[in-house]
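Peer 1: Okay, here's what each chain looks like letter by letter:
Number of protein chains: 2
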Amino acid sequence: MKILSVKNDQIKHLVHLKDKRDRDRHKEYIIEGYRELLHAKNAGASVKKIFFCPDLFLGQNEFELLDQFGCEKIECAPDPFMKMSYRDRPDGLIAIANQEYKDTIELKKILSKKAPFIVVVESIEKPGNLGSILRSCEATGVDALIVCDPKTDMHNPNVIRSSVGAFFLVPMFQLESTVAVDLLKSCHLDLLATTPHTDKFYDDVDLKKGVAIVLGTEQLGLSNLWMEKATLKVKMPMLGKMDSLNVSNAASVMMYEVVRQRRHANCI
Amino acid sequence: MKILSVKNDQIKHLVHLKDKRDRDRHKEYIIEGYRELLHAKNAGASVKKIFFCPDLFLGQNEFELLDQFGCEKIECAPDPFMKMSYRDRPDGLIAIANQEYKDTIELKKILSKKAPFIVVVESIEKPGNLGSILRSCEATGVDALIVCDPKTDMHNPNVIRSSVGAFFLVPMFQLESTVAVDLLKSCHLDLLATTPHTDKFYDDVDLKKGVAIVLGTEQLGLSNLWMEKATLKVKMPMLGKMDSLNVSNAASVMMYEVVRQRRHANCI
Numbered sequence: 387m388k389i390l391s392v393k394n395d396q397i398k399h400l401v402h403l404k405d406k407r408d409r410d411r412h413k414e415y416i417i418e419g420y421r422e423l424l425h426a427k428n429a430g431a432s433v434k435k436i437f438f439c440p441d442l443f444l445g446q447n448e449f450e451l452l453d454q455f456g457c458e459k460i461e462c463a464p465d466p467f468m469k470m471s472y473r474d475r476p477d478g479l480i481a482i483a484n485q486e487y488k489d490t491i492e493l494k495k496i497l498s499k500k501a502p503f504i505v506v507v508e509s510i511e512k513p514g515n516l517g518s519i520l521r522s523c524e525a526t527g528v529d530a531l532i533v534c535d536p537k538t539d540m541h542n543p544n545v546i547r548s549s550v551g552a553f554f555l556v557p558m559f560q561l562e563s564t565v566a567v568d569l570l571k572s573c574h575l576d577l578l579a580t581t582p583h584t585d586k587f588y589d590d591v592d593l594k595k596g597v598a599i600v601l602g603t604e605q606l607g608l609s610n611l612w613m614e615k616a617t618l619k620v621k622m623p624m625l626g627k628m629d630s631l632n633v634s635n636a637a638s639v640m641m642y643e644v645v646r647q648r649r650h651a652n653c654i
Numbered sequence: 387m388k389i390l391s392v393k394n395d396q397i398k399h400l401v402h403l404k405d406k407r408d409r410d411r412h413k414e415y416i417i418e419g420y421r422e423l424l425h426a427k428n429a430g431a432s433v434k435k436i437f438f439c440p441d442l443f444l445g446q447n448e449f450e451l452l453d454q455f456g457c458e459k460i461e462c463a464p465d466p467f468m469k470m471s472y473r474d475r476p477d478g479l480i481a482i483a484n485q486e487y488k489d490t491i492e493l494k495k496i497l498s499k500k501a502p503f504i505v506v507v508e509s510i511e512k513p514g515n516l517g518s519i520l521r522s523c524e525a526t527g528v529d530a531l532i533v534c535d536p537k538t539d540m541h542n543p544n545v546i547r548s549s550v551g552a553f554f555l556v557p558m559f560q561l562e563s564t565v566a567v568d569l570l571k572s573c574h575l576d577l578l579a580t581t582p583h584t585d586k587f588y589d590d591v592d593l594k595k596g597v598a599i600v601l602g603t604e605q606l607g608l609s610n611l612w613m614e615k616a617t618l619k620v621k622m623p624m625l626g627k628m629d630s631l632n633v634s635n636a637a638s639v640m641m642y643e644v645v646r647q648r649r650h651a652n653c654i
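Residue numbers (my numbering), protein chains in the order written: chain B, 387 to 654; chain R, 387 to 654.
Simulated from the structure, these hints should not be mistaken for lab results. Be careful, since some hints might not be right.
Pairs of lysine-lysine, DSBU-like flavour, derived with a Cα cap of 30 Å [said to hold, decoys possible]:
1. B:Lys499 - R:Lys621
2. R:Lys459 - R:Lys495
3. B:Lys627 - R:Lys627
4. B:Lys494 - R:Lys413
5. B:Lys435 - R:Lys627
6. B:Lys495 - R:Lys627
7. R:Lys427 - B:Lys512
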């Protein structure tokens, strides 16, 4: 049965999932877009239901992708589809998936490998920042992203959108800061914090060993907890009059410094 | 005269400036926020009129800052102020300024200095990306940002907001790509383009000489024009399955590589 009306209950249900409370209540989230669904498929995400609107398809392979999913697939007219979409240019595919949280056993396994490369974000607020940090994690081969005490929901549609699929590719764990600190410490990782109150530059410390880059909030930086537990405190050169960078930009520079050092030492 | 009504014509005029066409017609733009106005003042921006709402002030120094401006200052009640604001947490200061474009004579002067460090963004679409690139330019001491054939307006309120004041600190020029290429070439700068189709990594080339980092659009990367004129073609390690980064993140990594090389060679 093709959905024609914007008032259809299934359409309304998906629209409600744009709201965090509804996502939490149903333990579901939204995945929109061909590329995102492709990555979700490859990553084995638990997709529950896909709405599709052939009139809006941008490519040739949409039906082929749909065939790969065993879940319920529902055709929609453009109007109800547009009501669900959160994009300027929807591509005719939007899905509901079950929220899944990886457990710490899996994280411990990752931490036991040689020279793990971890990124921790504390109390991050903006979904777009979390999404683009995920993209940089994916590009730099980060082993796990640990999201501590988040102020944004990691299943926010804007996280998934701005991650351009990296959401499904980077192992992501949500933990309390105290738990994460203990876990990382017990595995002898260096905890790298950025602060202006140090003489060491980020590119003058050895990042070839196991390391967790720890990033604070957009507004306030890192909490005392992380700052006190940090084993490496570094600063980034600030050559202008201000003393701040966008958190995802700072994160990316640090991540690529890890890659640079490891690549030049033939570790990767 | 304190403005009490949201229907006041001056309030309406500022609200209209959120629209690009109105900004272009009046050659004006909006500056919101204490920090932004402080940087605007220090940079000598042409501020025309400031609306203020003491009930919304977050700090102690707002009146002191207002005193530094010789322009018209108009008190507003919270309702009309909220109508103008584009922030979640307005801080009671919002202004109208005259659009100013720096001319190429000033750019030529910058390009004639020793080892200029330039960033070029081609056809950038998202105001938030341009804003955070400005922040990184400010932090890394970029001498000028050249915005070519923009698809976003550099006076968009979200550019100014996401630049957190860097908008007023980084010399910014708007040029056609063909003009910018000729100008940079005539000053013998290296044009550095990022592309997967090369063997050279970005951190294996010499960035201590005069260089322009050229960045393409979010969707399509660099145009043929820039790609053909590039004197250095480099790639960034991509260790995952995807092959893309957020443009402001890629930009920041490249900018900090310039800083890293110059700092280690004692050039800065």
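Peer 1: Does each hint fit the structure? Answer for all of them.
Peer 2: Verification of the hints:
1. Straight-line distance between C-alpha atoms of B:Lys499 and R:Lys621 comes to about 28 Å, which keeps the hinted pair within the 30 Å bound.
2. The hinted pair formed by R:Lys459 and R:Lys495 fails the criterion: a straight-line CA distance of about 36 Å is larger than 30 Å.
3. Taking the CA atoms of B:Lys627 and R:Lys627, the gap is about 38 Å. The hint is violated against a cut of 30 Å.
4. Note on B:Lys494 and R:Lys413: the hinted pairing is violated, with a Cα-Cα distance of about 58 Å set against a maximum of 30 Å.
5. For the given pair, B:Lys435 sits about 26 Å from R:Lys627 by alpha-carbon distance, which is consistent with the 30 Å threshold.
6. The straight-line distance between the Cα atoms of B:Lys495 and R:Lys627 is roughly 22 Å, inside the 30 Å bound, and the hint therefore holds.
7. Simply put, R:Lys427 and B:Lys512 have alpha-carbon atoms about 29 Å apart, close enough for the 30 Å limit, and the pair holds.
Hints 2, 3 and 4 from the list above are not met by this structure, while the remaining hints are.
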